[in-house]
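Novice: Letter by letter, the chains look like this.
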Amino acid sequence: MTSGLEKPLPDTGDPVAAPFWKATREGRIVVPRCANCGYRFWPPEPVCPECYSSSFVWQDVPPAGTLWSYAVYHRALDPAFADEIPYAVGLVELDGGLKMYGIMRGELDALEIGRPVTALFEPATDTVTFVRWRIAE
Amino acid sequence: MSLTARAAIIGAGATEQGEIPGESPEVIAVRAVEAALRDAGIDKRSIDGLITCKAPLTTHGTDESMGPLLGINPAYSTTLDYGMAAFSLHLAIMAIESGLASTVLLTYGTNARSANIGFSRPIGGSGTWTALSGFLHVAGPAAMAARRHMHLYGTTEEQLGWISVAQREWAMMNPLAVFRTPMTIEDYLAMPYIVAPLRRPDLTVISDGGAAFIVTGAERAADLHAAPIYVRGMAQQSAIRNEQNEDKLMRPWLGDIATRLYAQAGMSPADMDVAYLQDGTSVWVLQMLEAYGFCGIGEAGPFLAAGNTRPGGSLPVNTNGGQLSESYTHNWMHLYEAVRQLRGEGGERQVAGARRALLAQTHDFWKGAASILAADAA
Numbered sequence: 001m002t003s004g005l006e007k008p009l010p011d012t013g014d015p016v017a018a019p020f021w022k023a024t025r026e027g028r029i030v031v032p033r034c035a036n037c038g039y040r041f042w043p044p045e046p047v048c049p050e051c052y053s054s055s056f057v058w059q060d061v062p063p064a065g066t067l068w069s070y071a072v073y074h075r076a077l078d079p080a081f082a083d084e085i086p087y088a089v090g091l092v093e094l095d096g097g098l099k100m101y102g103i104m105r106g107e108l109d110a111l112e113i114g115r116p117v118t119a120l121f122e123p124a125t126d127t128v129t130f131v132r133w134r135i136a137e
Numbered sequence: 001m002s003l004t005a006r007a008a009i010i011g012a013g014a015t016e017q018g019e020i021p022g023e024s025p026e027v028i029a030v031r032a033v034e035a036a037l038r039d040a041g042i043d044k045r046s047i048d049g050l051i052t053c054k055a056p057l058t059t060h061g062t063d064e065s066m067g068p069l070l071g072i073n074p075a076y077s078t079t080l081d082y083g084m085a086a087f088s089l090h091l092a093i094m095a096i097e098s099g100l101a102s103t104v105l106l107t108y109g110t111n112a113r114s115a116n117i118g119f120s121r122p123i124g125g126s127g128t129w130t131a132l133s134g135f136l137h138v139a140g141p142a143a144m145a146a147r148r149h150m151h152l153y154g155t156t157e158e159q160l161g162w163i164s165v166a167q168r169e170w171a172m173m174n175p176l177a178v179f180r181t182p183m184t185i186e187d188y189l190a191m192p193y194i195v196a197p198l199r200r201p202d203l204t205v206i207s208d209g210g211a212a213f214i215v216t217g218a219e220r221a222a223d224l225h226a227a228p229i230y231v232r233g234m235a236q237q238s239a240i241r242n243e244q245n246e247d248k249l250m251r252p253w254l255g256d257i258a259t260r261l262y263a264q265a266g267m268s269p270a271d272m273d274v275a276y277l278q279d280g281t282s283v284w285v286l287q288m289l290e291a292y293g294f295c296g297i298g299e300a301g302p303f304l305a306a307g308n309t310r311p312g313g314s315l316p317v318n319t320n321g322g323q324l325s326e327s328y329t330h331n332w333m334h335l336y337e338a339v340r341q342l343r344g345e346g347g348e349r350q351v352a353g354a355r356r357a358l359l360a361q362t363h364d365f366w367k368g369a370a371s372i373l374a375a376d377a378a
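Order-wise, the sequence lines are chains U and Y. Residue 1 is where the first sequence starts when you use my numbering, and the numbers rise one by one after that. Residue 1 is where the second sequence starts when you use my numbering, and the numbers rise one by one after that.
Next up, chain Y with everything else stripped away, as it sits in the complex (with noise of 0.2 Å):
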């Protein structure tokens, strides 16, 4: 049980987002990692923890990629295999904390774009059997989950819609965002289904970018950064026996990872300022608007509908316009975006006063990692 910081990130940096044509995710990766040491203001050579994840679907990004690039030799260095801010932020804290290192640096580049990566792969752990039945890419999944909280809570496609057009209108205000005109629920229901019931705007943007973060131990944070954003809190569950789950598709196990994230850190949905919830597709906003409290089971239709998550709404989510807005990213930017709101360094988007955040993110159907940052540290 902790109830104070156990560390801090006292560097972000991203490049743009959309398409870097003729680039590697590697070098793409070293373009937000230059970024982040200059935030932070420290030299590479305080980098003693190295955690680097595949780009999607690709070999790139692993640590002995990156190593002859960023011309460090840290104490340690891994690669994750699924590249997730979420998880790599916690393998970070536990390094830290274990004494493997006290300033990791955490990397990721994708070229998902310009290398027209495919993504029309089966999902899951019974991709063989899937894929016999057409069932391939994570919009058929996701639209059955759709369906089914539809078929159970009367939620509609227009209260669906509200989560992609929301984010719409919060990409807008961000200069790094791929798609920023403007969306109209009137506009999201009038286009066609890719999976019914999603359309287009409910499932990421596939762009190029990358984007890193440095982490420190949090008493070391105060002395290194002028405004280190805290992490008070972190949580996982996995799921990782797929199909054998009673309920692979709804993923109730979201709610262990809330219930011992809100234990650990001391607080409750109604303390978190802003929400980014990581969203390949709209249908996990819809899911972890539920798991994470901030509605009941069943209620985020109404929740959405009211206007909660849009700008100047009760709870702000995905304020940079998320992955469905934004950029594809896992997270990524969602962890930049929540960085700089609780800095205040929002520009047009800041939310007033935003003080604590929950950063929460799913990989599909097999696991899911939670933290809650914080710009004061108890």
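Chain U extracted, bound-state conformation (with noise of 0.2 Å):
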């Protein structure tokens, strides 16, 4: 939702997700895999949405991928990004296969889509730290 001036924060006590905040703490990207079935997915969800499984195996996955579309945001749509504008995000298509939406660093002029990308882990609190990304040097 639209906040006042305060960027949103995940709740990372929610299990559904809890796996991948302690992870991005660690400086690694994990994600979902079904247990039962094998099926892995992004966002996670509390039932594997192949066989209804609630067992997940978290898998590290390389903090990397492939810029697949971006927006620069010129309005400060959300207010509490005012301090970033112009600001990009990007989606992201993680060398394992999956997409992740993220906040991209670096020169704007520099995006492509198709250019390699990294993640970098930005600390916001103690307990969160959100995964950015930037173009591949």
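Please note: incorrect hints may appear among the correct ones.
Below are the EDC-like pairs computed for lysine to aspartate or glutamate, each with C-alpha atoms no more than 16 Å apart in a straight line [unchecked claim]:
id: 1; chain 1: U; residue 1: 22; chain 2: U; residue 2: 122
id: 2; chain 1: U; residue 1: 99; chain 2: U; residue 2: 60
id: 3; chain 1: Y; residue 1: 44; chain 2: Y; residue 2: 34
id: 4; chain 1: U; residue 1: 22; chain 2: U; residue 2: 126
id: 5; chain 1: Y; residue 1: 367; chain 2: Y; residue 2: 256
id: 6; chain 1: U; residue 1: 22; chain 2: U; residue 2: 60
id: 7; chain 1: U; residue 1: 99; chain 2: Y; residue 2: 256
id: 8; chain 1: U; residue 1: 99; chain 2: Y; residue 2: 34
id: 9; chain 1: U; residue 1: 99; chain 2: Y; residue 2: 243
Bear in mind the hints are in silico, worked out from the structure with no lab data behind them. Keep in mind it's a predicted model, so treat the numbers as computed, not measured.
Using the supplied hints, reconstruct the complex from the two chains, each of which is provided in its own coordinate frame.
Specialist: Shown next, in the form of structure tokens:
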């Protein structure tokens, strides 16, 4: 939801996503894989959408991928992000095949669909570390 | 497989569009109902079905909130959570074909502008995730889809701009339209980005307004109205797995709707005289021109730049100005305009000889619906 001036923070205690936030604090990206049927998907859900199992194994994926597309915000549609304007949100296709949204760091001019990107782990609070992205050197 | 009409619209009503301060969405809807009943020439006691929809992003507009204002106890009544004309129209036809009702009233009302509804919300099935990245408002994913189209097919910002420029040209001939000031492609390109590559004219007007329609079976329609507008085909497709879909943003499933729709109606894109492509953003028009077969996949840019959708073009699109220039009504005023054009009531902007219209819309990345409307029953 639109916030006031505080940027939104995730509920790192939510069991559906807690392993992800634990991993980002350690500089890793993990995604859920169904322990029953092996299906992988993102973002996480409380049940596997293929077999309805609620048992997951969280697997490491390389903190890298390809820029699938991006959008550059020139207007602070969430006022909490006014200090970031202009900022780009990228849709990153992970090397493992899943897609994740994230703020892009670095020069906007460098953004180009298809370019390799790498993850940056940015601590926001003691418990929350966000994954941001930048075009790979 | 149905090659002839299944149902028909025998009444169409709309309020003014723009600012209607001090009125609830329900009252605005009632004003449109008055106009629709007058247009149909029937009494409200003839209505035995009611399909309302919630005003966008509110809980207003349920059938139970409309009933006391409309003063009717229809045999069948229900409410759609997402207030979109194509879905309400299909549900009305299902109610008629199933025998639940014979004469169905569809209503819509919003005070989104006067109530200052906030649209800076996450879009899609991963809202709590995307909000963390400042990825709010439909402009975000639409901009990503546009950027991807540009990358894959070489589409330019100028080509995209022709969508809103053409619709402004149509809106200038529509007294109901909110935005009627002239806008050239140079004006468009000079405007700042909201979410690049999208500019203000690529995003919907936010306005107050209502619309209402009366639908009945095709056979009854001819007895009740001099010029019924027939529904010759309808199809839908959902994509409610949302982020799990391989290509959420480009919405390839729109093509599945088109395939089933044309097959059911026994028609092709070339049979359409006008097209109403619901345009919360211009990018939806870009995608639907291709998905509904008016040009090849990836070819919408050149198709637009050639002027095909403008007044005088080969495929007039959104001749009311659409959501980009006329009003914020989730396809309701597109339907209103389609009815008027097919009746020959388009005034200054009448498309000569318009007999068949495509009415297509989406609920952003969740689902889509399309109908073929026609002045003739078979």
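Novice: Now, for every hint given, state plainly whether the structure supports it.
Specialist: For each hint, the structure was consulted:
For the proposed pair residue 22(U) and residue 122(U), the alpha carbon gap of about 13 Å is at most 16 Å, so the pair holds. For the suggested pair residue 99(U) and residue 60(U), the alpha carbons sit about 14 Å apart, so the restraint of at most 16 Å is met. Pair hint residue 44(Y) plus residue 34(Y) holds up; C-alpha atoms about 9 Å apart against a cutoff of 16 Å. In summary, the hint linking residue 22(U) to residue 126(U) is supported, as the alpha carbons are separated by about 11 Å, within the 16 Å threshold.
A C-alpha spacing of about 11 Å is found between residue 367(Y) and residue 256(Y), which places the hinted pair at or below 16 Å, so the restraint holds. For the suggested pair residue 22(U) and residue 60(U), the alpha carbons sit about 12 Å apart, so the restraint of at most 16 Å is met. As the CA atoms of residue 99(U) and residue 256(Y) are separated by approximately 24 Å, the hinted pair breaks the 16 Å bound. For a cut-off of 16 Å, the pair hint linking residue 99(U) to residue 34(Y) is broken: about 49 Å separates their Cα positions.
For a cut-off of 16 Å, the pair hint linking residue 99(U) to residue 243(Y) stands: about 8 Å separates their Cα positions.
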